[in-house]
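Under UniProt numbering, the first residue of the sequence shown is numbered 1, with each subsequent residue one higher.
Check the hints yourself; a few may be wrong.
What the hints assert, rightly or not - Here are the computed lysine to any residue pairs in the SDA-like style, where the Cα-Cα straight-line distance is at most 20 Å:
1) 80 - 104
2) 64 - 54
3) 110 - 64
4) 7 - 64
5) 80 - 93
6) 110 - 94
If you're looking for bench data, these hints aren't it; they were derived computationally from the structure.
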Amino acid sequence: MSNSQSKWADARAKARKQLAAMTDEEDAAITAAAEADPDNPPLTEADFARMRPSAEVAPDFVAKVSRPPRGRQKAPTKEKVAIRLSPDVLEHFRAMGPGWQTRIDEALRKVVGL
C-alpha cells in the first residue's frame, strides 16, 4: 500500500470516529446553525416544484461529463475465486474503502514478486 493510500485510510477512519462520536446536542446545534444561515436557506416545496433534471437544464454540459456505459471485457483480466481470510486482514483492507479487493490483489502480487 502506498503512503498516500495509508494517509487516506487514516483520514477516513478518523472521520468515521468523529462522526460516530457526535452527540445529539452537537447535531442539533449544527442543524440550527445551518437552518439560520441566510446564504443557504432550507429548500421549500416551491423550490422542489421548480427543479428540473440537469440533462434538461444543461444538456451540453451533461453530455460532456457523462460517461458512456461500459461494455463487456474483451477478455477477462482477472479470475473470480473464493478464499478464506482472517477477520483482521479483511477489516484492515475494507477500512481503506472502495477498491479494497484490488489492494489485496496488489499485496499478493508484491509478495510473490509479480
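Cross-check of the supplied hints:
1. Straight-line distance between C-alpha atoms of residue 80 and residue 104 comes to about 13 Å, which keeps the hinted pair within the 20 Å bound.
2. The straight-line distance between the Cα atoms of residue 64 and residue 54 is roughly 12 Å, inside the 20 Å bound, and the hint therefore holds.
3. With a C-alpha separation of about 38 Å, the suggested pairing of residue 110 with residue 64 is violated against the 20 Å cut-off.
4. Taking the CA atoms of residue 7 and residue 64, the gap is about 32 Å. The hint is violated against a cut of 20 Å.
5. The suggested pairing of residue 80 with residue 93 holds, with an alpha-carbon distance near 18 Å, which does not exceed 20 Å.
6. Pair hint residue 110 plus residue 94 holds up; C-alpha atoms about 19 Å apart against a cutoff of 20 Å.
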